[in-house]
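**Q** Which chain is which? The protein sequence lines are C and H, in order.
If you're matching positions, the first sequence starts at 1 in my numbering and goes up one per residue.
If you're matching positions, the second sequence starts at 144 in my numbering and goes up one per residue.
The set of hints was computed from the structure by calculation and includes no laboratory data.
Heads up, the beta-carbon is just placed ideally off N, CA and C, and yes, glycines get one too.
Honestly, I wouldn't trust all of these hints.
Stated by the list, open to error - Derived Cβ-Cβ restraints for the label pairs, each shown as a range: (1) 272/H with 3/C: 47 to 57 angstroms; (2) 14/C with 283/H: 40 to 50 angstroms; (3) 100/C with 172/H: 34 to 44 angstroms.
As the list claims (entries may be wrong) - Derived pair list, reagent style DMTMM-like, types lysine to aspartate or glutamate, alpha-carbon separation capped at 25 angstroms: (4) 100/C with 39/C; (5) 100/C with 128/C; (6) 243/H with 105/C; (7) 243/H with 276/H; (8) 243/H with 264/H; (9) 243/H with 271/H; (10) 243/H with 39/C; (11) 100/C with 133/C; (12) 100/C with 264/H; (13) 243/H with 273/H; (14) 100/C with 248/H; (15) 243/H with 182/H.
Stated by the list, open to error - Partial selection, computed: residues in chain H whose CB lies under 10 angstroms from chain C: (16) 181; (17) 182; (18) 184; (19) 186; (20) 188; (21) 205; (22) 222; (23) 226; (24) 227; (25) 229; (26) 250; (27) 257; (28) 259.
Protein chains: 2
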Amino acid sequence: MDHALQQARLAAARGEVPVGAVVLDPHGVIIAAAGNQVEADRDASAHAEILALRMAAAQRGTHRLVDCDLVVTLEPCPMCAGAISHFRLRRLIFGAYDPKGGGVEHGPRVFAAPGCLHRPEVIGGVAETEASDLLRQFFRDRR
Amino acid sequence: MDHALQQARLAAARGEVPVGAVVLDPHGVIIAAAGNQVEADRDASAHAEILALRMAAAQRGTHRLVDCDLVVTLEPCPMCAGAISHFRLRRLIFGAYDPKGGGVEHGPRVFAAPGCLHRPEVIGGVAETEASDLLRQFFRDRR
Numbered sequence: 001m002d003h004a005l006q007q008a009r010l011a012a013a014r015g016e017v018p019v020g021a022v023v024l025d026p027h028g029v030i031i032a033a034a035g036n037q038v039e040a041d042r043d044a045s046a047h048a049e050i051l052a053l054r055m056a057a058a059q060r061g062t063h064r065l066v067d068c069d070l071v072v073t074l075e076p077c078p079m080c081a082g083a084i085s086h087f088r089l090r091r092l093i094f095g096a097y098d099p100k101g102g103g104v105e106h107g108p109r110v111f112a113a114p115g116c117l118h119r120p121e122v123i124g125g126v127a128e129t130e131a132s133d134l135l136r137q138f139f140r141d142r143r
Numbered sequence: 144m145d146h147a148l149q150q151a152r153l154a155a156a157r158g159e160v161p162v163g164a165v166v167l168d169p170h171g172v173i174i175a176a177a178g179n180q181v182e183a184d185r186d187a188s189a190h191a192e193i194l195a196l197r198m199a200a201a202q203r204g205t206h207r208l209v210d211c212d213l214v215v216t217l218e219p220c221p222m223c224a225g226a227i228s229h230f231r232l233r234r235l236i237f238g239a240y241d242p243k244g245g246g247v248e249h250g251p252r253v254f255a256a257p258g259c260l261h262r263p264e265v266i267g268g269v270a271e272t273e274a275s276d277l278l279r280q281f282f283r284d285r286r
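Looking at chain C on its own, in the form it has when it is part of the complex (with noise of 0.2 angstroms):
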């Protein structure tokens, strides 16, 4: 989570809502990091989970990636977990809870919903604090 929690901060430096991700390999190597590159890229898809989980497909050389764990610093949104699904995450695990935007555990629930044909393993709130203090600066600091 460090490491998602730093590229989150990274993120935050370029003007980008903080939200950092790491896709690790089965043993604890990161083979994929990324920031939100929302802005920069000009892509409403370029959240950090999507990005990190595309380079660690094209690290992986296949799209399912059933042994790798992703980490973020938030709940991911209904797209990222839908994406999450598609590449077959064995884990995901996550700081903030987003009651506003979040797909997993708010909103529609992705992975409980009817026809979700796969459900990670799901830990949230880990290094909760953390996580969203960066998200409560940023915002504060944009007002």
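Once you've looked at the hints, dock chain H against the given chain C.
**A** Just chain H, lined up with the frame of chain C:
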């Protein structure tokens, strides 16, 4: 929808699940067109919708496609429905309903879920027969 179906046919010819999508600007001009590229790109997020939306945003120079419409041959999955919301599309027109993998009228019903920040106008079932015949044919040939 004809252009989206053409993209789906091209995807099938490449061995991809035949789904195609186009983005129209407010004048009805196609500014982006894509078919599924999951296998070719080894990217589980490379659905026709995501590719077309990213292409349209790049063409427009903004990640907010507020006056654009997406036409896609199949009901979007939760990932793509989430992306449609993030890109702030005006209207979603889709072909075949997808009771198993769909995320608009089925499964998590992303636009209807609490917390959904942007709900496009949705028109489903356009050229449904052609779109679903393409998919049926593809999966029959693969068996």
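**Q** If a hint holds in the structure, say so; if it does not, say that too.
**A** Hint by hint, here is what the structure shows:
| no. | hint | in the structure |
| --- | --- | --- |
| 1 | 272/H with 3/C: 47 to 57 angstroms | holds (50 angstroms) |
| 2 | 14/C with 283/H: 40 to 50 angstroms | holds (48 angstroms) |
| 3 | 100/C with 172/H: 34 to 44 angstroms | holds (35 angstroms) |
| 4 | 100/C with 39/C | holds (21 angstroms) |
| 5 | 100/C with 128/C | holds (16 angstroms) |
| 6 | 243/H with 105/C | holds (21 angstroms) |
| 7 | 243/H with 276/H | holds (16 angstroms) |
| 8 | 243/H with 264/H | holds (22 angstroms) |
| 9 | 243/H with 271/H | holds (16 angstroms) |
| 10 | 243/H with 39/C | violated (34 angstroms) |
| 11 | 100/C with 133/C | holds (16 angstroms) |
| 12 | 100/C with 264/H | holds (22 angstroms) |
| 13 | 243/H with 273/H | holds (18 angstroms) |
| 14 | 100/C with 248/H | holds (21 angstroms) |
| 15 | 243/H with 182/H | holds (21 angstroms) |
| 16 | 181 | holds (6 angstroms) |
| 17 | 182 | holds (8 angstroms) |
| 18 | 184 | holds (8 angstroms) |
| 19 | 186 | holds (5 angstroms) |
| 20 | 188 | holds (5 angstroms) |
| 21 | 205 | holds (6 angstroms) |
| 22 | 222 | holds (3 angstroms) |
| 23 | 226 | holds (5 angstroms) |
| 24 | 227 | holds (9 angstroms) |
| 25 | 229 | holds (4 angstroms) |
| 26 | 250 | holds (4 angstroms) |
| 27 | 257 | holds (6 angstroms) |
| 28 | 259 | holds (7 angstroms) |
In the structure shown, a violation is registered for the earlier hint numbered 10 alone.
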